[in-house]
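Line order of the protein sequences matches chains A and B. Here our numbering is used: the first residue of the first sequence is 1, the next is one more, and so on. Here our numbering is used: the first residue of the second sequence is 1, the next is one more, and so on.
Rather than coming from a laboratory, the hints here were simulated on the basis of the structure. Quick caveat, the model's predicted, so the values are computed rather than measured. A virtual CB, placed ideally from N, CA and C, is assigned to each residue, including glycine. Among the clues, some could well be false.
[Unchecked claim] Straight-line Cα separation of at most 30 Å, DSS-like style, residue types lysine-lysine; simulated pairs:
1. A/Lys-262 - B/Lys-337
2. B/Lys-345 - A/Lys-166
3. A/Lys-166 - B/Lys-386
4. B/Lys-337 - A/Lys-166
5. A/Lys-166 - B/Lys-279
6. B/Lys-300 - A/Lys-166
7. A/Lys-166 - B/Lys-433
8. A/Lys-166 - B/Lys-456
9. B/Lys-333 - A/Lys-166
10. B/Lys-363 - A/Lys-166
11. B/Lys-20 - A/Lys-262
[Claimed, not checked] Just a few of them, taken from the derived set where beta-carbon distance is under 7 Å, the chain B residues facing chain A:
12. Thr-322
13. His-325
14. Gly-341
15. Val-343
16. Lys-345
17. Leu-351
18. Lys-363
19. Leu-365
20. Asn-366
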Amino acid sequence: MPLETVLAVIGAALIFAIVITALFAPWIAPYGENASVGGAYEPWSAVHVFGTDSIGRDILSRMIYGGRNTIGLAFAATCLAFFIGSALGTAAAVLGGWVDLVLGRLNDLLMAIPQLIFALLILTVVGSSAYTLIAVIGVLESTRVFRLARSLSVSIVHQDFVEVAKLRGESLGWIVFREVVPVSFPNLLAEFGLRFSFTILFVSSLSFLGLGLQPPTADWGALVRENASLIAFGDVTPLLPAGAIALLTVAVNLVVDWYLAKIRRRSAL
Amino acid sequence: MSDNQLLKISGLRVEVPSPKGNSTILHDVGLTLNRGEVLGLIGESGAGKSTLGLAAAGFVKPGCAITGGSILFDGKELVGMDRTLLEKLRGVRVAYVAQSASASFNPSFQLGAQCAETALQHHLMSGNEADARVQELFAEMMLPNPEQIVFRYPHQVSGGQLQRAMTAMAMVCRPDLIIFDEPTTALDVTTQVGVLASIRSIVEHYGTAAIYVTHDLAVVAQMADRIMVMKNGRMVEQATTREMLSNPKEEYTKSLWSIRNFKTDERSRDAEALVMQIKGINAAYGSHAVLNDINFDVPKARTVAIVGESGSGKSTLARVITGLHPPVSGSIKFEDKPLAGHVSKRSRYELESVQIIHQYPDKALNPRQRIGDIIARPLRLYFGLKGEELRGRVRQILQTLELDPDQMYNRLPHELSGGQKQRVCIGRALAAKPKVIICDEVTSALDQVVAEGILKTLVRIQQEFGVSYVVITHDIGLVQAIADEVVVLKSGNIIEAGSKSQVLSPPFAEYTQLLLASTPEMDPDWLTNLLHARAGEKLANESL
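Pulled out of the complex, with its shape left as it was, chain B reads as follows (with noise of 0.2 Å):
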């Protein structure tokens, strides 16, 4: 092993057993991970990056089991070493960043503490010299007044300050290797450019080397030295970042690439074909008012993008549109008649018509139905049907999804994948002819690959049933693949409205801008460029 080489895991086997035969989740994988170096794991869920990367610091969730292979940390082998001696490690050599920071930090202790603490567990630093430690990473990582939020509890910060706030932690024993495992997933556009930028800046100062694991192509592409892919537990191929983005070896990495060219034409109004009109809506949560005079008109067989940031009412507005949370003022009229605030008072036709798909098919699907049962609800409801009827009409609308009836009629949904449980709940909303379809995050929480299949099947409904959708997203790259025409929300009230080229092309309102210019493009030096031009501009507004 050369000097260098900080980390070698080969042949490395996880299974999960059971007494009806193990099942593998890696595949005798190896990697190779020099000091300073960053690797990025990118697959879909199930890939078993989040495994390999925890396998890193020889650990694995619990369940699992590794039942072969080596890993070699800077010439220690982690594979059957004792515990004490593993915990030794965990922490001081080896650190790791979850995704979900905010479930990561315990809410009763302040920031500082819980970052001081490694240190002081493992007799590394005196009290004040772990604080005064963490106040210095704290200022690294870009947190402002980084002597009063130590004192702060996680509830006080923001979820991309607390992101920060961990990778801080993660650093106060200046460990050889970081794993981060989604750490930015759960952010924003605009505020998981801070945190790259700061994660980078850290790792570049003391020469760290990462595992960065995330399903985000572009995220990955700003990282990562070198990139590794992996599908089913098994490696695909790996290539420097550059190489790897240039000239893709194997299909499936290439497929992986293509699907953010996927992209459908706008098309302009039919002239005055309006399905629903929304008129003036202001909508509050007790005297917190979160919706501020909100207008825009859905047409027949088109799709209308709301797009903002977390917290910008999009979601209330969905709420509203349903009859879920009835608006304090302002109307909404459906085929020119106006619709009730609560869904109790709507009658059945507008209760068939409007339809809503959830971001999680997992909580929109009751556990204990069948998918069968499932889809025939809305038939046996709406329109009285019944025996061989209702069951053909099942079939058929799961063979529009793409879903083969005989396999998926009996079965639960626990026993579906993602993208299949999210085709569930486009059936079900399909079965009950529907006029207007809100979709409200319906991809975020699916892969990539899978994401696209969806939006491709939604596209294809869309033609062959002529149904208006109400697509509600923080994805810019969501809103330019299948939106006709977009609304830009923000904090409650409408940034810029219109048509899909005239929104998303110049002159763009300053918010649009940000949210474009914030989305990471598959460009390895696309944040270093951003950056650059940020601190120019900065320049610039100063010597004003």
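With the rest of the complex left out, here is chain A (with noise of 0.2 Å):
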């Protein structure tokens, strides 16, 4: 089996393995995610894998739990921005004309602002909450996926087959669900990975500033943030968070690699 692929099984397993975790935390848990079942800052022990906080949770519970709500949040967030930017990045590119000028200008606008100082500045103005959240980073992202899909689907429409299909009177939904999409989609899909990571990364700083999901609600960037005084006292507990969110995107990276290079084999043939 070549290199590659057995990068992209390491990869798969261990999305596989995080994805369960977090689906089944409850079950999976030894301690509930808020539960203060232990002095403050424990040390590692069979009781308490990864010890305590500074209120006595368990932190090996309190990263299971973090699990599930970084990867949720991260998730629909990407989702939605797939949503917007591959809808309008097609739409532009079939119409072309004035649609696709402005389409194309308000997305450049939005993405000379520095999104994380955007961020920053739209969650402290309407609050932070899940639901915020998703909608400023999915709104934030999709701009990037408009312009892969604009411009992947600009060279689609200029193909012999879509000039056909417009000939034979197709209409415009016709053309781009079934003539562009399906031709785009592979690029997309692999798009999705990477875009998710980078949410991940994302949610995760917000979090570590204090603008993510309020406490006592866990997640991996607040996760580091809680613990990041231990540090000082010569204790690996606040890189275990850190560790996870690298491990992660590391995974999903590899599993796209795979997936691009099989893609690009196919449309060599």
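Starting from the two chains in their separate frames, assemble the complex, guided by the hints.
As structure tokens, then:
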């Protein structure tokens, strides 16, 4: 088996394990998400595998619940980004003219503002909740999806088979969903994986800065912040949630790399 | 090995390794080449001729591997040779000229600098020497104003000039062997003649050996001393050019030779039965006029050929007729009723009636749709067919096109060969029950054997269904084969129009004469005679 495939299998196994753990958090985690079950800052032990935090909550349990929150939020935001980005991007390419121009410039405008600062500003004004986080991250990430979807579609729209469909008198809906999207779909799917990694990082950054999910809800970014002071005492515990973020991101990228190589090989045939 | 022998390839095997088993591109092929000899490699695409040509430089394309045999170049074994040694050989003693010069030059460097690069890279000349050498070669390749053209960028010169510059680039280090990979295939016939002549003279002048890869038999007849015919990665036969042309031995070679003999008889119009009338069409891109006052008729069940070189406006004409590019002025009448300029304003019946078949079947078929669905779509959209009735009709169309419905129905386009794909495109057009089909260079992306099959199918369909064709082409041979009426187009103007016998027999219009004379013939002396004749004319003109 080529190295690429081996790595992809490892990546897929990791993703599977992380997702299963997150989905079944209430059954897998030894303690509740917010239950105070021990003394403050207990060290690693058989009872509390990764010790406890400042108010005696089990850190392993909070990491498992935190995974569910972080992944769920990032997934929902990525789906929203793809829905907005690919629909508008493909429509801009197919319709062309002023529609393309207006959508393209609006997109540039959004992209020109630094993402993190823009998100911080909006979340400070409207307040942070799971829904506002999904909406804000979804819209901001959709700008990148828009660009990709538009550029993929532009090269497809100028192919002869789309011309043939226009000459046949097909509707806009048929051209977008039956002629263009099926062709751009594999590339969009690969981008979905990458965008998902970035969104996890984005969600975690916001949480780390205190504008993500609000306490006492656990998520990986917040867990790093809550326990950051332990680093000063030579305790590696705050690195664990950071490691979980890194592990998931790398795993997703391994699968995406394999998938991209596969679709490139196929299109080269 | 005799001293005179430059290259000896024996038992060469090239494969594409894959986990599902290797696929073989070359099966134990051998060839020998003497110094100063020109070998023509011909065969259809996929025959392995380019792979064999490149192997002469010890090179295989990424993804392929040499798995057996030997390549002896001037007594040195290239198979398994160290990479750095091979790099010293390439460009210096073996050079390569690719099909598409425009894709091979870097657009951001001047031509002269790019041509001199190989010599400088290998430290064979000083900068000044290399520049002088490039100018000298440009002059020998008959490029106009060589001292100025070295400072031009690739987009500032024509396709023919670029191809000449590329040959000059290959010649800079005076290699022993040049590999030409279809160097004139992308050029117009009138340009091709000049490029062929200068390639031939420079190769003769320096006594360079060459491998000339092409699928055009008439071209290879002008260029090569010896011809080798290939099919499916194997050698079919080889002989000297004259012998090969006059006396081919293998069936496959004979079938290649006979292609150019396919010809339908011209039929005159059925009294006044016109499907389409094109009157006074002017078209432009922005302020740039592309078509000026175009007039012609399309008679029922006949073939009208629009012939011209690239830039003549013939593809724009196709877009005007189909309604993709509305004309500035003029009218198109279909069955005596005016046809709207833009496709969105045409009725369903008008959309059905005018169909188009494109040059590249790869681009004309959606790679994600199955063959059955592609042909079914017009039937469903226009005639509302469903279920068994629909499937039955699709199968019937596939059979008409000599495609096996059981095999083809559920395949995706990339699982088909080029010729099969083009048949599917014809099938999709036919499904709409059209009155006129526009054929835009439908055979130029296909091999000659496959192209002939497509032409025969088109002719049969015309007889069966009474459809009219507007054939857009640059190939006079194609016009001679299937046209009834001919329109000659140059720079957006009609030069000549009429029945085939009228246009393609004397007295000719001047441009038609030029097109006809520039089309290579299967006679090895054709180019020599043509050049003599033209030189004679020039002398005569000068003395007047």
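Do the hints match the structure? See the list:
no. : hint                  : in the structure
1   : A/Lys-262 - B/Lys-337 : violated, 52 Å
2   : B/Lys-345 - A/Lys-166 : holds, 12 Å
3   : A/Lys-166 - B/Lys-386 : holds, 22 Å
4   : B/Lys-337 - A/Lys-166 : holds, 22 Å
5   : A/Lys-166 - B/Lys-279 : holds, 25 Å
6   : B/Lys-300 - A/Lys-166 : holds, 26 Å
7   : A/Lys-166 - B/Lys-433 : holds, 17 Å
8   : A/Lys-166 - B/Lys-456 : holds, 29 Å
9   : B/Lys-333 - A/Lys-166 : holds, 21 Å
10  : B/Lys-363 - A/Lys-166 : holds, 15 Å
11  : B/Lys-20 - A/Lys-262  : holds, 15 Å
12  : Thr-322               : holds, 6 Å
13  : His-325               : violated, 11 Å
14  : Gly-341               : violated, 14 Å
15  : Val-343               : holds, 6 Å
16  : Lys-345               : violated, 11 Å
17  : Leu-351               : holds, 5 Å
18  : Lys-363               : holds, 4 Å
19  : Leu-365               : holds, 6 Å
20  : Asn-366               : holds, 5 Å
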